[in-house]
Every structure is written in structure tokens, then in C-alpha cells.
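Visitor: Below are the chains, spelled out letter by letter.
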Amino acid sequence: MANVTLTINGQKVSVPEGITVLEAAQSHGFFVPTFCYEKDLTAPGACRICVVEIKGMRNLPPSCVTTVTPGMEIETESPAVFEARKTILELLVANHPLDCMTCEKSGSCKLQDYAYRYGVTSPTRFEGDKHKFAVDDSNPYVFRDLNKCILCGKCVATCRAVSDRNVIDFAFRGFNTKIATFMDTELKDSSCVYCNRCVAICPVGALSDKNMTGKGRGWELDKKEVTCTFCDAGCKFDVNYRDGKVVGVTANSAASGRPLCLKGRLGTEFMNNPDKTALPLINKDGEFVETSWEEALGIGPIVEKINALKK
Amino acid sequence: MQLYRAHILVCGGTGCVSSGSKAIQEALTDELVKNNLDKEVKVVETGCHGFCETGPIVIVYPEGTFYCRVSTEDVPEIIAEHLVKGRIVKRLLFKAPVTEEQVPSYKEIAFYRKQQRVALRNCGHINPDNINEYIGRDGYEALSKVLTGMTPQQVIDDMKKSGLRGRGGGGFSTGLKWQFASNSPGPKKYIICNADEGDPGAFMDRSVLEGDPHSVLEGMMIAAYAIGADEGYIYVRAEYPLAIKRLKTAIAQAEELGLLGENIMGSNFSCTLHIKEGAGAFVCGEETALMASIEGSRGMPNPRPPFPAVKGLFGKPSNINNVETYANVPIIYLHGADKFASVGTEKSKGTKVFALTGKLRNTGLAEVPMGISLREIIFDIGGGIINDKKFKAVQIGGPSGGCIPEQHLDTPVDYDSLTALGAMMGSGGLVIMDETSCMVDMARYFLDFTQKESCGKCIPCREGTKRMLEILQKICGGNGVPEDITTLETLGAVIKNTALCGLGTTAPNPVLATLRYFRDEFEAHIYDKKCPAGVCTAMLEYKIVTDNCKGCGACARVCPVGAITGEKKEPHEIDTSKCIKCGSCIEKCKFNAIVKG
Numbered sequence: 003m004a005n006v007t008l009t010i011n012g013q014k015v016s017v018p019e020g021i022t023v024l025e026a027a028q029s030h031g032f033f034v035p036t037f038c039y040e041k042d043l044t045a046p047g048a049c050r051i052c053v054v055e056i057k058g059m060r061n062l063p064p065s066c067v068t069t070v071t072p073g074m075e076i077e078t079e080s081p082a083v084f085e086a087r088k089t090i091l092e093l094l095v096a097n098h099p100l101d102c103m104t105c106e107k108s109g110s111c112k113l114q115d116y117a118y119r120y121g122v123t124s125p126t127r128f129e130g131d132k133h134k135f136a137v138d139d140s141n142p143y144v145f146r147d148l149n150k151c152i153l154c155g156k157c158v159a160t161c162r163a164v165s166d167r168n169v170i171d172f173a174f175r176g177f178n179t180k181i182a183t184f185m186d187t188e189l190k191d192s193s194c195v196y197c198n199r200c201v202a203i204c205p206v207g208a209l210s211d212k213n214m215t216g217k218g219r220g221w222e223l224d225k226k227e228v229t230c231t232f233c234d235a236g237c238k239f240d241v242n243y244r245d246g247k248v249v250g251v252t253a254n255s256a257a258s259g260r261p262l263c264l265k266g267r268l269g270t271e272f273m274n275n276p277d278k279t280a281l282p283l284i285n286k287d288g289e290f291v292e293t294s295w296e297e298a299l300g301i302g303p304i305v306e307k308i309n310a311l312k313k
Numbered sequence: 008m009q010l011y012r013a014h015i016l017v018c019g020g021t022g023c024v025s026s027g028s029k030a031i032q033e034a035l036t037d038e039l040v041k042n043n044l045d046k047e048v049k050v051v052e053t054g055c056h057g058f059c060e061t062g063p064i065v066i067v068y069p070e071g072t073f074y075c076r077v078s079t080e081d082v083p084e085i086i087a088e089h090l091v092k093g094r095i096v097k098r099l100l101f102k103a104p105v106t107e108e109q110v111p112s113y114k115e116i117a118f119y120r121k122q123q124r125v126a127l128r129n130c131g132h133i134n135p136d137n138i139n140e141y142i143g144r145d146g147y148e149a150l151s152k153v154l155t156g157m158t159p160q161q162v163i164d165d166m167k168k169s170g171l172r173g174r175g176g177g178g179f180s181t182g183l184k185w186q187f188a189s190n191s192p193g194p195k196k197y198i199i200c201n202a203d204e205g206d207p208g209a210f211m212d213r214s215v216l217e218g219d220p221h222s223v224l225e226g227m228m229i230a231a232y233a234i235g236a237d238e239g240y241i242y243v244r245a246e247y248p249l250a251i252k253r254l255k256t257a258i259a260q261a262e263e264l265g266l267l268g269e270n271i272m273g274s275n276f277s278c279t280l281h282i283k284e285g286a287g288a289f290v291c292g293e294e295t296a297l298m299a300s301i302e303g304s305r306g307m308p309n310p311r312p313p314f315p316a317v318k319g320l321f322g323k324p325s326n327i328n329n330v331e332t333y334a335n336v337p338i339i340y341l342h343g344a345d346k347f348a349s350v351g352t353e354k355s356k357g358t359k360v361f362a363l364t365g366k367l368r369n370t371g372l373a374e375v376p377m378g379i380s381l382r383e384i385i386f387d388i389g390g391g392i393i394n395d396k397k398f399k400a401v402q403i404g405g406p407s408g409g410c411i412p413e414q415h416l417d418t419p420v421d422y423d424s425l426t427a428l429g430a431m432m433g434s435g436g437l438v439i440m441d442e443t444s445c446m447v448d449m450a451r452y453f454l455d456f457t458q459k460e461s462c463g464k465c466i467p468c469r470e471g472t473k474r475m476l477e478i479l480q481k482i483c484g485g486n487g488v489p490e491d492i493t494t495l496e497t498l499g500a501v502i503k504n505t506a507l508c509g510l511g512t513t514a515p516n517p518v519l520a521t522l523r524y525f526r527d528e529f530e531a532h533i534y535d536k537k538c539p540a541g542v543c544t545a546m547l548e549y550k551i552v553t554d555n556c557k558g559c560g561a562c563a564r565v566c567p568v569g570a571i572t573g574e575k576k577e578p579h580e581i582d583t584s585k586c587i588k589c590g591s592c593i594e595k596c597k598f599n600a601i602v603k604g
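Order-wise, the sequence lines are chains E and G. Under my numbering, the first residue of the first sequence carries the number 3, and numbering increases by one thereafter. Under my numbering, the first residue of the second sequence carries the number 8, and numbering increases by one thereafter.
Derived by calculation from the structure, the hints in this document are not laboratory data. The structure displayed is predicted, hence computed values, not measured ones. Note that the Cβ used here is the ideal one computed from N, Cα and C, for glycine as well.
Label pairs and their computed distance ranges (CB to CB):
1) G:LYS195 with E:ASP166: 23 to 33 Å
2) E:VAL137 with G:GLU383: 55 to 65 Å
3) E:VAL137 with G:LYS195: 41 to 51 Å
4) G:HIS281 with E:THR123: 49 to 59 Å
5) G:LYS195 with E:ARG119: 39 to 49 Å
From the structure, some residues in chain E lie toward chain G, with a derived Cβ separation under 8 Å:
6) GLY47
7) VAL53
8) ASN61
9) LEU62
10) VAL67
11) THR89
12) LEU94
13) ALA96
14) PHE128
15) ASP171
16) ARG175
17) PHE177
18) THR179
With the hints as extra help, turn the sequences into a complete structure.
Guide: Put into C-alpha cells, the structure is as follows:
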């Protein structure tokens with residue numbers, strides 16, 4: 003593919019034709035914040051935090067949906083861009099619980115990082131109504147606190163990417179907009195199967211994995227990528243270690259496929275179960291007793307035959 | 008064909024129907040039968056005449072006598088006097104506002120005299136449920152001209168030559184739009200009509216759909232031929248049941264006559280139309296949200312580019328125009344692009360329909376040539392301000408527009424001059440405000456509307472308009488602080504610069520425009536804790552002027568909370584701690600003894 007030459011923050015760069023301004027900037031090491039953009043999944047141009055200044059354009063265009071053109075002159079952090087981003091962050095912070103010290107996401111929260119970077123202080127200029135949604139603690143897997151939701155819509159996009167799911171979508175209007183299941187029920191009453199794609203993609207603390215709650219801050223955990231063997235999909239996922247001990251399993255990326263289903267996630271957690279057994283159990287007279295693999299699988303006679311042939 | 012010596016036209020627009028025109032129509036028919044006149048005189052239900060203020064409207068032709076505020080009791084007199092004896096029923100004529108002069112003829116009324124009706128050419132003149140009446144007024148002739156003698160490119164070239172710009176708000180060149188859609192490759196294209204008119208106080212599209220639905224269908228067919236579309240949608244809001252009903256009838260009749268559907272007029276061109284009813288979201292008037300809604304998704308806007316002309320409905324190239332734009336289309340091909348372009352200003356051609364509402368004598372719909380001054384619209388057509396109050400400002404372009412004060416009233420009305428003044432043409436709603444209107448309260452009202460209608464997708468619009476509204480509520484409540492003005496201005500500028508769609512980028516306009524022209528009113532609210540217009544109740548106090556009070560007790564009797572006390576024939580007093588500032592006492596007092604301030 004042909005290349006186009008353009009200027010980013012005064013620096014002449016050459017990038018492949020057809021890519022977005024965001025990709026161009028990031029590929030040359032320029033920082034551009036994003037909330038709603040997720041590579042290969044969605045770029046709804048919704049959050050407006052990635053706006054940049056492009057010479058000749060009327061407003062501040064969002065870089066995630068603006069395609070590069072030859073000779074473009076882009077400023078990724080001009081005073082107007084800085085002010086716009088800071089204002090957007092102030093608006094989000096004004097409607098956010100700000101319980102960072104107890105929030106599961108602290109340390110790996112985009113809102114926290116950007117608010118710090120752009121010098122947002124609280125109280126902001128925009129104090130007023132705040133959301134007062136009831137939290138959804140209805141199931142053992144996903145904790146939903148919509149008061150922390152910034153409505154980036156990535157959870158909706160990733161849920162929709164699985165054809166038979168599509169559990170959540172935007173509901174209501176204006177300030178009352180929220181992400182809801184069909185008929186706005188709790189997750190337990192929805193068609194959700196807790197694949198946790200949404201949890202893996204949430205940039206803030208609105209969705210968290212209950213199995214990971216209290217098990218360590220982001221910076222305390224080491225992650226190791228593993229391929230799941232529970233089914234032939236072979237998802238990649240992260241095993242999280244803290245002080246060398248496995249504390250939990252999280253989805254690696256929510257971009258494509260089924261990154262890690264409930265079965266894979268829970269099954270892998272048996273690794274740390276103290277009651278785990280090396281041998282199968284069989285129900286004998288209403289009680290589970292340890293037995294051999296041959297008996298459990300009903301292949302005793304075959305094994306005997308093979309062993310006989312070996313001789 | 009049955010011939011009649013007279014036609015009685017009864018307005019069947021939503022305005023007149025709500026004031027009882029259906030009953031009048033029935034009474035007229037009955038009365039004609041009673042007088043044995045039903046073979047001589049025909050009653051016709053028409054679309055909206057525009058002068059809704061004076062409804063129900065009845066016009067008797069051939070004279071063109073304009074009867075207003077007609078009731079069923081007036082019907083026997085109209086028949087007996089006008090149709091039997093040939094004498095005009097004078098008491099039902101329109102009275103000119105200032106001179107009180109009775110105006111017998113439709114055309115002589117000041118409201119209509121300065122108008123030039125192009126998009127509304129048939130509204131109020133024909134029966135919208137009868138396609139033959141539309142054809143009788145050269146309907147579908149433009150389509151036949153286009154289908155039999157012009158290539159799609161010639162159609163587009165003529166459209167460009169006409170200079171028609173989108174009447175829905177943006178004002179983009181219709182010819183260029185068609186050209187882009189035509190240039191997009193692909194066998195499947197869509198033609199879409201945006202009839203999701205939602206600005207508070209605007210009803211021009213409703214009137215066109217109710218009064219002349221075929222002009223829209225014909226315009227859409229011409230556009231479909233030009234861009235190569237074979238299927239189309241009319242996205243009409245469900246709150247317009249009469250418009251939907253008439254559109255359905257119109258589509259059925261046009262299909263029956265081969266003017267819609269397969270091989271239109273025997274040509275190779277085919278196009279079918281569907282009606283899609285909106286579900287009440289204002290944002291669905293934004294074209295990308297509208298298409299999402301037709302596709303069955305939640306009506307939320309998407310970033311442009313890609314523009315609909317490239318990737319529109321169901322991912323196919325599409326052309327979206329508004330109702331009024333399509334209604335203008337047939338005229339351009341019937342009389343020629345040059346004739347159309349001879350009206351208007353250099354960059355804004357043709358005429359524009361405005362909905363006049365607010366503190367105005369003559370409210371209703373008026374279609375005027377571009378370039379006319381706002382003063383002419385408000386004072387000549389609109390008849391000036393009611394109760395001889397002083398004009399303060401006009402809000403133009405609805406919740407996306409801005410207000411224009413007295414000193415700019417002589418500006419010629421066109422797309423660019425209005426934008427330069429911080430307002431915009433928008434869909435054409437004009438809300439007129441007088442000295443008793445508070446501009447801060449007005450800005451609050453429009454922001455409350457856009458805030459509630461925000462789809463919630465982008466942060467600047469969803470969170471930003473909410474905060475702007477809260478600040479305005481604070482100012483109106485008497486709790487404003489000096490920094491509020493700066494916050495409104497800076498936040499408004501960021502929203503304008505960063506919001507995703509037209510709703511968001513224009514939402515701060517009513518606030519920014521009022522701050523531009525009526526900053527002193529904001530300052531009075533913030534510094535002096537006074538509402539100069541006496542609207543914001545939190546800052547008002549009701550007082551009795553003892554010199555004027557005769558002690559009649561009328562105010563005390565009407566007060567719902569018993570805040571007024573006093574001896575008979577002695578000046579009364581208001582207990583401000585009990586007063587709820589409802590204003591009933593002021594209305595009741597005959598001696599101007601109660602003041603608020």
C-alpha cells in the first residue's frame with residue numbers, strides 16, 4: 003500500500019495510506035488518549051477524548067475515525083485540544099463516584115490516568131447531579147456499578163461481536179443514558195453467560211471480575227499468557243500471579259472470538275483448589291469415592307487387552 | 008365530470024381539526040342537503056392554510072372569501088347568506104389587527120400578501136386525499152418531463168443550477184448531494200425523506216405532508232431517478248398521525264396510477280416507497296441516526312465521513328433530503344431552474360417556509376422569498392406583537408439556533424447571514440419574544456429540551472449540556488455567581504468543537520447567542536438577583552401598591568394559599584412567606600394595585 007506524508011506536531015512522518023490519524027500518531031510515538039476506541043473491534047467516535055487539531059478543519063475531529071490525507075497538519079496536544087480533553091475529563095469526573103482508594107480498577111483505570119495527566123482536580127467546575135444507579139451484585143461472576151460507567155460503549159460492541167449474545171445495549175436518553183440488558187434487568191435475569199469479554203474491555207471500574215476482587219492491584223500482578231485446553235477454540239488468556247502464586251485467570255483480549263468463557267475461566271481456577279484430587283470420583287451407593295481412570299472412563303477391559311497384546 | 012358553481016374549502020390541517028373543522032365540514036354537507044344545494048356546491052377538505060391562529064378556516068370560492076374562527080353555529084348563516092343570497096357574512100371575516108378593517112378576500116390579507124408560496128403551493132387549495140386534484144394542478148408533470156426527456160445527469164445539473172439548498176437545517180446544496188449519491192457506484196441505492204420534524208414550534212413539514220403529500224412523493228421520485236435509487240423510505244414521526252394517514256393514501260393512489268412502483272409511467276424506471284414511523288426521538292432527525300433507526304437499531308448518530316451518499320442506509324449509497332426540500336423539487340423541473348433561481352439572494356435561492364409562534368398577532372405558517380427581512384416577516388406578515396408590547400428578540404432555528412435582537416431585524420434572511428449572527432436557518436421555526444420574555448429562561452428552556460433529547464453517545468453533549476442546564480437553572484433560581492457566565496461560554500465552546508453530531512454541536516447556540524446579545528439580563532440575574540422581565544419566579548416578590556388598592560378583596564378570594572389579608576375597603580397586604588407567586592392576584596386586580604419585581 004502506498005504511503006502518505008503528513009505532519010504531526012511539526013514532525014514530518016510517512017504512514018500507510020488509509021489508516022486513521024490515531025494510528026498514525028500512535029505509530030510514531032505520539033500520545034493520544036482513547037476511551038471508546040478498540041483496535042479491530044470498534045471506533046464509534048463517541049467519547050471525543052481522542053480529538054486532535056487538524057489545520058483547515060472546522061472543529062476538533064476525533065482521530066480514531068479520521069483518515070489520514072496527504073499534507074495533513076496535525077497537532078495532538080495543542081492548547082485547544084488540551085482544553086477540550088480536560089473539559090471532557092472534568093465532565094466525567096463530575097459524574098463519577100471518586101472512590102478510587104477502594105475501587106478494584108485503581109491503577110489500571112483510564113479515567114484515573116487521564117484525569118491525572120490533564121490536571122483535573124475535584125471538585126470540578128461542573129458539580130451537580132450524579133448518577134444514583136443501584137449496583138448489580140446479582141451473580142457470582144461480574145460486578146456491575148453503572149455509576150462508574152463512562153458509556154464508552156465497548157462492552158456493547160464486544161458483546162455484539164458474539165452472534166448469539168447481544169445481551170446489552172444503550173438505553174434511555176440524555177443524562178439518564180445507561181447500558182442495560184433487555185428490559186433493564188440484572189445480569190442474572192439476562193441471557194448473559196459471563197464470558198467476561200465486557201469486563202476485559204471496560205476502561206474504568208464499572209465492570210469487574212468478582213473472582214479477582216481483592217486479589218491484588220494491577221501493578222502487583224504478573225500475567226502469563228496461556229492457551230486454554232478446555233475446548234477446541236483454544237482461547238488465549240492470562241494467568242495472574244501474585245508473589246509467584248496463581249490468584250486468578252482473566253481474559254487476554256476481547257477483540258475477536260471468545261477470549262475466555264466461564265468454563266475455561268472457572269476450570270482453570272481448580273488449579274488452586276486445595277480439595278482438588280488427582281483421581282476421578284465415582285458415585286457408589288450415593289457417595290463419591292476415588293477410583294481409577296480406567297474404571298471412571300469404562301475402558302478397563304480395553305486397557306487389559308492392550309496390555310495383554312504388549313506382552 | 009360533475010361541475011359545481013361554488014366550492015367550500017374547509018381546512019383539514021391538524022390545527023383546524025383540533026379546533027373543530029371536522030364538525031364544520033359535516034354541518035356544511037348536511038346544511039347543503041337541507042337547502043337542496045348539494046348538487047351545486049361542493050365541500051372540500053384541504054390541507055393547512057398556514058393561518059392557524061384564525062382557525063377553523065373556511066374559504067368560499069370562486070370569490071375566495073376567507074371566513075375565520077368558524078363554528079358549527081355559523082354554518083346555516085354561511086349557507087343561507089353567502090350561498091343562497093350571495094351576501095358575504097361580514098362578522099366572520101378577518102379583521103386587520105390595527106385598523107380593525109374587515110378583509111373579505113384571502114389574497115388581500117396582510118398575512119398572505121407578502122408570501123410567495125412554492126413549497127406550500129397546493130396546501131389549502133386541494134384535497135390531499137385525491138390524487139386527481141394534485142394532477143389537476145400540474146402534479147406529476149415534472150416527473151414525466153424528467154423520465155421522458157432527461158438523463159439523470161441532466162436532472163442533477165438542473166438541480167445544481169437552481170441553487171436549492173437543504174431546507175432541513177444544514178443548508179447544503181441539494182444538487183451536490185444528489186451528485187455525490189449519483190457518483191457512488193453500486194446497483195442498490197436508497198432515497199430517503201426526513202420527515203422527523205421535531206423542533207419545538209416548527210410544523211412546516213407536517214403541513215406539507217398533510218396538505219400536499221404528492222409533491223413530496225414526486226420530488227422523491229425525481230431524486231430517485233437522478234441518483235439511481237429503486238427503493239425509498241419516508242421517515243415520519245409517529246406524532247403526526249394525520250400526515251402518516253395521508254401519505255399512505257397518497258402512496259396507494261400513486262401506485263394505482265403507475266406513478267410509483269414498477270416501470271413508472273411506462274418507463275424503465277422503478278421505485279417503491281415505504282413509510283417508517285419514528286418512535287419519538289428528536290435525534291432521529293439527524294441523518295445517520297435516522298438511518299440507524301430505519302435499520303432497526305437505536306437511533307444514535309455515527310461519525311461522518313462516511314457520508315450517506317457513500318455508505319448510507321444498510322451500507323448502500325443513499326440520499327436524504329427533508330420534506331420541504333422535496334416539495335420544492337417538482338417546481339424546478341416544471342418551470343425551469345432559472346425561474347426558481349430568480350427568487351432569493353445570491354447564495355440562498357427560492358423561498359422558505361417559517362413557522363411563526365410566540366408573542367405574535369398572526370401565528371401560523373408563512374412562506375417567503377429568501378432575502379426578505381425579519382422585520383417584514385414579524386411585523387407585516389406576523390402583524391406585530393400582541394397587546395402592543397415591545398419586541399425583544401426572535402429565536403430562529405429552534406433549539407439549534409440563536410436569538411436575534413431588534414438591531415439586526417433588517418438583516419436579509421438567508422442561510423449565511425443568519426449563521427453570521429450566531430443563529431441559523433434551521434428548519435425554520437421563529438419564536439417571537441417580547442419584553443415580558445426572559446432571555447435566560449428562554450435559553451434554559453431550549454437547553455432543557457436538547458439535554459433531554461441527547462442520545463447519550465458522546466460525552467460533551469450528554470454530560471456538557473446537562474451541566475450548562477444546571478448552571479442556567481441556578482441563575483434562574485437566583486443563585487448564580489459571576490463565574491457562571493465564563494463557565495457557560497467556555498463549556499459551550501468545547502461542546503460546539505467536539506460533539507459528535509449536529510444536535511450536540513449546535514446545542515449551546517441558544518445560550519451563546521443570548522449571552523452575545525442579552526448579557527445584561529444574565530448579569531441582572533447574577534449580580535442584582537433580579538429578573539428584568541419578571542419571569543423567573545424565584546427572584547420575584549409580589550407587593551400591593553397601597554395607593555391603588557381599593558380593598559375590594561378580589562385578590563384575597565382568588566389567592567390559593569391565603570397569603571393576602573386586609574379589611575374591606577382598606578388596602579390589603581401580601582404575606583410573602585406564604586405567597587407562591589402564581590400570579591392569580593395580578594390577573595384578578597382591576598386597579599393595577601399588585602406589582603411583581
